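Fit chain B to the supplied structure of chain A, relying on the hints for placement.
Chains A and B are the protein sequences, given in the same order.
Heads up: the first sequence is residues 1 to 339, going by the numbering used here.
Heads up: the second sequence is residues 1 to 489, going by the numbering used here.
Careful: at least some of the hints might be erroneous.
[To be verified] To spell it out: a stretch of chain A is covered by chain B in this simulated footprint if at least three of its residues, at any positions, have a beta carbon under 8 Å from a beta carbon of chain B; those stretches are: (1) 220 to 229; (2) 279 to 293.
[Unchecked claim] Quick list of in silico lysine-lysine cross-link-like pairs, DSS-like style, CA-CA up to 27 Å: (3) B:K479 with B:K225; (4) A:K219 with B:K122; (5) A:K219 with A:K204; (6) A:K204 with A:K174; (7) B:K122 with A:K204; (8) B:K373 with B:K222; (9) B:K453 with B:K225; (10) B:K222 with B:K479; (11) B:K222 with A:K204; (12) B:K69 with B:K197; (13) B:K425 with B:K225; (14) B:K118 with A:K230; (15) B:K425 with B:K479; (16) B:K118 with A:K219; (17) A:K174 with A:K96.
These aren't lab readings, by the way, just hints derived from the structure by calculation.
All values reported here derive from a predicted model rather than from experimental measurement.
Positions of the beta carbon are idealized from the N, C-alpha and C atoms, including for glycine.
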Amino acid sequence: MNGSVLSARTLRNLLPALSLLVLLAAIFYLQPRAISYVGFNLMLNLAIPIAFATIAQMCVITVNDLDLSIGTYVGFVACIGATLLSGGIGALPFIKDLQASGALPATLPWIMNTPLAGVLVLLMGIGVYALLGALIHLRNLPSIVVTLGMSFVWLGLSVLVLPVPGGQAPGWIKSLMTLKTPFIPFPIIAAVVIAVAAHILIMKTSYGAVLRGAGGNPKAIERAGWSLLKVKMAMFALAGFFGMLAGLSLVGLTTSGDANIALRYTLLSIAGVILGGGEFVGGRISPIGAVIGAATLTLAGSFLSFMRIPPDWQIGAQGAILIIVLALRTLIDRAEKRR
Amino acid sequence: MASAATPIISLNGVEKSFGAVRALRGVDLACHAGECIGLVGHNGAGKSTLMNLLAGVFPAEGRIEVDGKDIASRYSVATAQAHGIRCVFQELSLCPNLTVAENARIMHASLRGFGWRKRAGKLILDKLDEVFPGHGISASDIVGDLPIARRQMVEIARAFSVTTAPARLVILDEPTSSLDAHLASQLLAYVRSFVAKGGCVVLISHLLGEILAAGDRVVVMKDGKVVVERPAADFNRTSLVAAMGSVAHDEGANAATADTKRSETEPRVRVAADRQAGGPELIAHQGEIVGLAGLGGQGQSEMLIRIFDAAGKNARNVTVVGGVALVAGDRQTDGVFPLWSIAENITISSLRRMRRGPLIDGAATEAMAEDWKQRIGIRTPDMNNPILSLSGGNQQKALFARALGSDAQTVLMDDPMRGVDIGTKQEVYGMIRAEAEAGRTFLWYTTEMDELKHCDHVYVFRDHHIVAELSRSELTEEKVLHASFAEVA
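Next up, chain A with everything else stripped away, as it sits in the complex (with noise of 0.2 Å):
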């Protein structure tokens, strides 16, 4: 009995993986060119942020919360990154009016050219997460409204800071995300950095046993000590941090700001990390399956353009992907429980 049921278990870890496969060998039929360096290289460029930002999500879904403001965070990450972090306080588009006007000199002095203030604001941004963690648990809010309060003032920083798509990404940044490494395509070697990275943080320190129990049972884990403020402060404060690496790494590939960039990022972190074998309420999460499954997401893009579906049909069609995956978890969980 109990290698039966433990098959269930494999077979639903490995749906996640499985289900990325079958999406590659239909690409490999569809445009056989597809999987090759290059091809690797467009079709999961934008993988890397994704992932992040999925990181982020499953961080707060694992205690039993959802953020609905990743989207806008990352946009704001990015216009952030296209003007702070490159050029400090005078890459801003108003000093640059201000400066055009006359009120202020051509030559600004060190501190409005240092890119630190980029660095300030976006720790600061990662210090706002942990205090919404800690307000969501103090007052015992629903997650769910607090973070959608949060998405407009996200969005509305972003705006303030780049009022207009513009803006530059700091080189480095934008040289690090179109490195050409050998063999294997750049976002493949990063999404496999980012899944073990994740997987070490959440999956194997001792205090991640207590960050994934408070999702799974958070009496437990306060009589036995631990103070859940603490670890929801935690687990917002690193969906702040793996939020950030997103609008970095979103801002490197289009190389300008932009504050509606990533609103779709929302919805497609959840989507990613449920589709990677998570649960929204438990604690039971895979960061290698929400990798996976950010990876899931992007390439079926890809495939349904190479279907000749028009790209107003392809948010449904991702819809019908999702939909399809987890039909499957729910048929196997209902196979298991027959047994």
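What follows is chain B alone, placed relative to chain A:
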């Protein structure tokens, strides 16, 4: 250093209240090294509150001494753990999404750094081997996949496992509830060897045989107080049951006498007897108040839900004539609509009778609310105030008004008087009596002996079965307790 005579922990006049309910009213208890204390008592006697307190889950008033030092104000989970005081709670405190080893780590903050997983796994498996030889559990098993007995075993082993802090006092709350006889005897044997090595165990169980077999000293609680404390050798099953029940009969005044003859007519509610377990069938006639007794969580609530679900349907084994209304016991989750007014909360079950076309007839609902305000005495200046502006007892009255105001012939009550003050209780008892005389049928799950005295007929539940049937004249506390506590397992 604490001398051998200093108790590990001692409570002196400890009190604890939850709102209007006084869960503990001055408890004195000392736990010494090298003894096993059996703690027994009926529902609501305060056993669980006491153990939560020992574990440091919540603070209380009074004097708490650990190793001879008074630390009542600063007592917390961390202090309890540092002094080697551990608890196995009745509802499992494992994280179902983690492995057995990871759950061990949750308890032991010192399991960290490289190789913590291996050390945690070895720690818990060694202890499992010691307590339950041949347990068949692996450290990498996900707890949620284990059957309940194995989860219980993991939790027990975890409580006895030692890293930096010692395990000196382990409190076990119904530890054998999901273990079979073999595992239970393994556990009791381990408890004895743990005690022999100088540990202390507080064993809470409703299996009196276990208490008598494993305990050195038996502490009997009733109504938030320790009423008897004697060596286990002085007790036998009968005297223990007697100690739990027959203390302080303060409310003997309204002892009903005449045994009303059960009507021969077709009953309102009939639940056929369990075919495997046997036992009596449950019958409730028109105008009867039928009590469902026994310890908490022995299937009484489930029985009420079964009857509720069967109403108006063709259910197997359950026949219900006429409509049914339920008064929930857990007000906050099952009872009130917290954002609605008192009037809306009362009229929700009767809206079908108060319509004007597709709309709600405001005048009719207001009239009904005012009517019930008078009849049941809800203390509020305005029935349109939010329900949460009422005290707990008055909220419960509103829920009674909802059920009694509906046209349901049968009212099911799921321990509705939890946390209600005595004055309100008396008012509601009177009303139930009056409604029953007017022809309504009541099925009343209660864990309080005093409430059973208001019933015409009582069924005692144990392990999801009816194990005894008592008419009003047969009803004594002793009989209910005897039936509630299983024969020696």
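*Agreement of K118 of chain B and K230 of chain A with the hint, judged by alpha carbon distance not exceeding 27 Å*: holds, 26 Å
*Given the hinted pair K219 of chain A and K204 of chain A, is their alpha-carbon gap at most 27 Å?*
Cα-Cα ~22 Å, so holds.
_Run the distance test for K425 of chain B versus K225 of chain B: straight-line Cα separation, threshold 27 Å._
holds, 22 Å
_Given pair status - K225 of chain B, K479 of chain B, alpha carbons within 27 Å_ = Given that 27 Å is the threshold and the Cα spacing comes to 22 Å, the pair holds.
*Given the hint that K69 of chain B pairs with K197 of chain B, does the C-alpha gap stay at or below 27 Å?*
holds, 24 Å
*Within the stretch 220 to 229 of chain A, is the number of residues with a Cβ closer than 8 Å to a Cβ of chain B three or more?*
holds (count 7)
*Would you check the hint for K174 of chain A and K96 of chain A, treating anything up to 27 Å between C-alpha atoms as holding?*
holds, 23 Å
*Mind taking a look at whether chain B covers the stretch 279 to 293 of chain A? Criterion is 3 or more residues with CB to CB distance under 8 Å.*
holds (count 3)
_Given hint K204 of chain A paired with K122 of chain B - CA-CA distance at most 27 Å_ = At roughly 17 Å apart (the allowed maximum being 27 Å), K204 of chain A and K122 of chain B satisfy the hint.
*Starting from K425 of chain B, check that the Cα of K479 of chain B is at most 27 Å away, please.*
holds, 24 Å
*Is the straight-line distance between the alpha-carbon of K219 of chain A and that of K122 of chain B 27 Å or less?*
Measuring from Cα to Cα gives roughly 25 Å; hence the hint holds.
*Assess, step by step, whether the Cα of K204 of chain A is no farther than 27 Å from the Cα of K174 of chain A, and give holds or violated.*
With Cα atoms ~32 Å apart, K204 of chain A and K174 of chain A exceed 27 Å; violated.
In terms of the numbered hints stated before, the structure departs from hints 6, 8 and 11, listed from lowest to highest.
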